[in-house]
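Make the full structure from the sequences, and use the hints.
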Amino acid sequence: MRLTFGDTRLLALAAGAIAVGVVLFLNASRKQRKRKKLPYKDESDTVYVVQIPRGKKVPSPSPFPIKLETYLRIAKIPYENVFARKFSSKGKIPWIRHRGKDVPDSQFAIEYLNEQFNVDLEAHLTKEERAMSRAFLKMVEENLYWALACYRFIHDDVRKADYPSVIPTWALLLFGRRIKKYAWGQGMGRHSVEEIFHITKLDFEAISDYLGDKKFLFGDKPCVADCAVFGMLVQVVFNQTYSPHNALIKSEFPNLERFCWTMRNAFWPDWDQILAA
Amino acid sequence: MGLRGSKPTFDDSSNVVYFIQIPLRGLRVPNLSPFPLKLETYLRMAKIPHESIMISTLSSKGKTPWIRHRGKDVADSQFCIEYLNKQFGVNLNEHLTKEQQAVSRAILKMVEENLYWVLVCYRWFFCDPKDLGLAQSFPWLIYAFIRRRVRGFANGQGMGRHSPEEIFQIGKLDFKALSDYLGEKKFLFGDQPSETDCSAFGMLAQFVFSNIESPHCALIKKEFPNLERYCHTMRNTFWPDWDQVLKGDASSTKL
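Protein chains in written order, with my numbering: chain A, 102 to 378; chain B, 6 to 260.
Derived from the structure by calculation, the hints contain no laboratory data. Worth double-checking, as some hints may not be accurate.
[To be verified] Below are the DSSO-like pairs computed for lysine-lysine, each with C-alpha atoms no more than 27 Å apart in a straight line:
1. A:Lys316 / B:Lys103
2. A:Lys351 / B:Lys103
3. B:Lys226 / A:Lys322
4. A:Lys351 / A:Lys157
5. A:Lys322 / B:Lys181
6. A:Lys302 / B:Lys135
7. B:Lys68 / B:Lys91
8. A:Lys315 / B:Lys181
9. A:Lys322 / B:Lys177
10. B:Lys91 / A:Lys193
11. B:Lys135 / A:Lys228
12. A:Lys202 / B:Lys177
13. B:Lys226 / A:Lys228
14. B:Lys77 / B:Lys52
15. B:Lys135 / B:Lys227
[As the list claims (entries may be wrong)] DEER-style ranges, computed between Cβ atoms:
16. B:Arg75 / A:Ala120: 53 to 61 Å
17. B:Ser19 / A:Trp362: 50 to 58 Å
18. B:Ile147 / A:Lys193: 29 to 37 Å
19. B:Glu104 / A:Lys187: 23 to 31 Å
20. B:Gly76 / A:Pro370: 55 to 63 Å
21. A:Thr270 / B:Ile147: 37 to 45 Å
22. B:Gln174 / A:Gly107: 50 to 58 Å
23. B:Phe93 / A:Asn128: 56 to 64 Å
24. A:Glu229 / B:Ala223: 23 to 31 Å
25. A:Pro265 / B:Asn241: 54 to 62 Å
26. B:Ser19 / A:Val294: 29 to 37 Å
27. B:Gly94 / A:Trp372: 42 to 50 Å
28. B:Phe130 / A:Lys193: 16 to 24 Å
Just so it is clear, CB atoms sit at the ideal spot from N, CA and C, and this is done for glycine as well.
Take a look at the structure:
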């Protein structure tokens, strides 16, 4: 039987589809086997926080694990870190596991834990302050985050940032390419380097002006927005100390650095001990 | 409707601001995109002479709206506002305290970088296309093509990874924050409107006036009625010609 060009192409497509199917199946099985190996005790009340390993200068090169862990420490919720490069069902990290339930996304995790442990870090705030707290949380996580991510992954050499040594350089560079694509879709990536720096400066100014001389954003007691702001500013104040953002904070918004030290001293007294050697 | 439309001719010697917005005239809102509505509300609030041009030419950043003034093209609604503030000596936030200006920025970013994606996900993934409330028909092929791109954008930004219920909950918390902060006030920061009111109105108008069949509109009517009241206040104050604009009778405004 003589094969036509069409037949050959069809066979190649079928072979390719089968190969892809086999690879996906094997990968899913491998992930399934790996999940079973994680050290969860689902009968206990311990919250397992799955995050990437510690850095040498900061507990995490990502703002979200620091936000989540700071919240857990403030709320005095018993937790255990699971340092692993295992992404959540939403393809992100950190995520938590509690009594057999996986909760991805740091903010959903906090809302879940508030319910489970009857915690409300914003109980002392007025209705307007709660509203402002949400606004600052979103500004930091949905705007400032992208500005700083563009700097770290696109404008500057990501290898200068403090990442755990278990994450290879090629993975960082690959992630950087993905961030570039995501940032373009989100919008921030369409701006110039100077424009993004300007946007960052305006966000810093807003946080600094609102914080003023206060200990935390809304007075003497911290709330979730403080955790988010801390997680983000830590990357500038303690991680990328060589960045123009760090110089900007030191020269124009010193109360932001003071805030970071206040949060660190209050809720991370073991900061130096837990960092990677 | 191509996305790389023709370039109109501008009189670069005049002081008129040419305000270019994509032709997404709605049945119930002047533009289905919140950003042209934000920018045009700002131009009206600041009383800056402008001429609205509805064509499909996107900005240098591939977005809408953009402006041209004295031969200079400026992309991105917020950069446009900053440019125009300088050019025309305008400061709609002058009456705000330092803390209020800080809160103003935070609310602006919550609305434009968070609530915006709730709107996008609802419109492109969960809403029936016929409920979009578009004044002219959208070729299905272009709709499907854009929808695929938006899916990629939303996943990259993050909102697209959540379930419909989670996205709705995120939107609800944003509405609650806006409603709680607004309270009984006429505008966000009192009796005088400010820059962020333009953005909040541009976004809320999409839910309150455009997507009237949406669960978000029902939620606002039931739990956050002051947001609906606020939209009417903004509309009556800065868009007395709203109905004419929708009909296309007042498509350009020269002051």
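Looking back at the numbered hints, which does the structure fail to meet, lowest number first? The structure conflicts with hints 3, 6, 10, 11 and 19, although it agrees with all the remaining ones.
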